[in-house]
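Below, each chain spelled out in residue letters.
There are 2 protein chains.
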Amino acid sequence: MKMYNFNSGPAVLPAEVLQQASEAIIDFNNIGLSILEIGHRTEWFINVLEEARSLVKELMQLDDSYEVLYLQGGATMQFMQVPMNLLDENETAAYCDNGIWGSKAIKEAKLFGQVHIACSSKDQGHTYIPRELSVPQHARYLHYTTNNTVEGTQWHFIPEANVPLVADMSSDIFSREMPFSKYALIYAGAQKNAGAAGTTIVVIKKDILGKVNRTIPSILNYSNHIEAKSLLNTPPVFAVYVSLLTLRWIKQEGGLAEMERRAQERADLFYHTLDTLDAFTGKVDKRDRSLMNATFTTQNPGHEKLFLDICKEHGMVGVKGHRSVGGLRVSMYNSLPLSSVQALCDVMKDFNEKRG
Amino acid sequence: MKMYNFNSGPAVLPAEVLQQASEAIIDFNNIGLSILEIGHRTEWFINVLEEARSLVKELMQLDDSYEVLYLQGGATMQFMQVPMNLLDENETAAYCDNGIWGSKAIKEAKLFGQVHIACSSKDQGHTYIPRELSVPQHARYLHYTTNNTVEGTQWHFIPEANVPLVADMSSDIFSREMPFSKYALIYAGAQKNAGAAGTTIVVIKKDILGKVNRTIPSILNYSNHIEAKSLLNTPPVFAVYVSLLTLRWIKQEGGLAEMERRAQERADLFYHTLDTLDAFTGKVDKRDRSLMNATFTTQNPGHEKLFLDICKEHGMVGVKGHRSVGGLRVSMYNSLPLSSVQALCDVMKDFNEKRG
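One line per chain: the protein sequences are A and B, in this order. Quick note on numbering that gives the first Met the number 0: the first sequence kicks off at 0 and runs consecutively. Quick note on numbering that gives the first Met the number 0: the second sequence kicks off at 0 and runs consecutively.
Everything labelled a hint here was simulated from the structure, so no lab data went into it. Among the hints, a few may not be true.
Remember, identical chains collapse to one label, so a pair may be satisfied in a single copy or spanning two.
[What the hints assert, rightly or not] Mimicking EDC-like on lysine to aspartate or glutamate, the simulated pairs with C-alpha atoms at most 20 Å apart in a straight line are:
(1) K311 / D26
(2) K311 / E42
(3) K353 / E312
(4) K319 / D349
(5) K103 / E226
(6) K319 / E42
(7) K1 / D26
Pulled out of the complex, with its shape left as it was, chain A reads as follows (with noise of 0.2 Å):
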């Protein structure tokens, strides 16, 4: 059976990608070795970590005033970094509370400095995307989560403050075209758009660092990865790789502009499906919809779990909301084709025709 991926992350990977994957693992570039086998200090290695990491730079269009690692411990690992690194104890930061991954950085931060909440769309709950913001001009950061995956909603501006930006892009970066050096530190997951899980891509503008009196541990101390360009341990080594086969597949195809068209390809067909439909309804405010991740829910609450087994019966996995919000959500990353969010439109057409 086909099968159509609207996985949240680990999510749809493109088949070439999958392909080179699968070769690498019995032998990497005719080597007679697997990627699995090969030390991280060889050549072999230092080649594709080199060349993932300018690839980043060259998709952001960021000069080398900015530096690229591939860390471990995924975004929740950055909750933490993040103001270990950036924030101390007297010191402020705001942070904008928009969902569910914000509100778990909120908490990490707390334990390292103060932060002011410099917007919340919790009385909403995240269903948008507040216009307002309010950030200390002594903040040493603003901090926001650019698509929140959970709650279906994205940041399509970059919000206005005069302090450095830090933005988890986990579940959009590499989707769209931004102006990248307007920020002081991007950290992404990239088990949607970026690779597998096991790696973590941290973007950061090395002139924010080394501001911070507190003693870091060597392994969670930004400045140790630099110097030692992001092969201060063992990396995933396979995680890396795997990252870089998905840049040189986002470059090939066109680079972020051509992501872009697609993401929004994608969006406006099911979101002009689910608008044209009785039976389901979207959940979140229509200007701040995410083009990666689309909630929705069923008009008859009865009706969901019906859905989710038509859904299943047509080889369609990942229709269901996060544990935590339930509804219904489809992630369309980078490389899910166009024909399957045609394919889970038809699927919805005929749900509302029978049932709506």
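We have chain A already, so just place chain B on it with the hints.
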């Protein structure tokens, strides 16, 4: 050309493991999706994770007072995570100083509490394992590295101490039978005998947790990971899967007893050859020689590069010593065939005849 993989880690893996891992990247268990594309909270992955966690306990013959976690960040992350979770600021932990990795662990522990050096082999360049230990009665734990990958020494006995034992077993885990229930905490990067780079196995006796006063960031708190059954956030899915395949292979081949027999056989062959050839010299005390990593030098220092070139011509990789100590080193992990050691010994004998 046939390759002989003496890498110190990431290192040689069983051919069956590579084959299955490669296939799972195209289609995992015939579900029509790649192992890289499935959600980490699906039954598919939870079965993988639970089987892996359970196999670790089975191979180590541990009961339910222990929990097994698959974390990220390597042993280097554990160097700080262990004292952060087990050692209060005014408390003391005892550490054995027997090599580069142990020294790094000591450096991080000092950020969290008092460190008492239980023994050190620094006086002889870490070429032996001390027999005398000094462990304060009030020490929270005794930490040691069971096998020193860089220096080529291994503890062939268990240090005696009336305090909880914590061990970094990164380079000899699952290579021999041991009374694992004597340990309060064991950790190991997977990239030698337990899988590929990208995940760290942590085995914890639960009753040692919850005794420190500091606030621990969510992702670094062992208790949170235990409560979440090692699914606190997105785990390194593929690395856990490769570890599962490796553990299954160990079990199928005969378990730790058989791994130990093979390790002894390989080491006997190598060290016997080494000791009979004038052209080479072992670097460490014979009784403390590692069965995993053999360190040696050419009798004539000028011959080292020549010998490395000859190894390269024969498809032998990973024969160079660690950059911090130089010399030569061959690593002989679980899945290294005896025939690889034989081939190396033949090259050494030939070198000895021509240059000895």
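Exercise for review: Enumerate the violated hints, using their earlier numbering and listing them in ascending order.
Suggested key: Those not satisfied: there are none.
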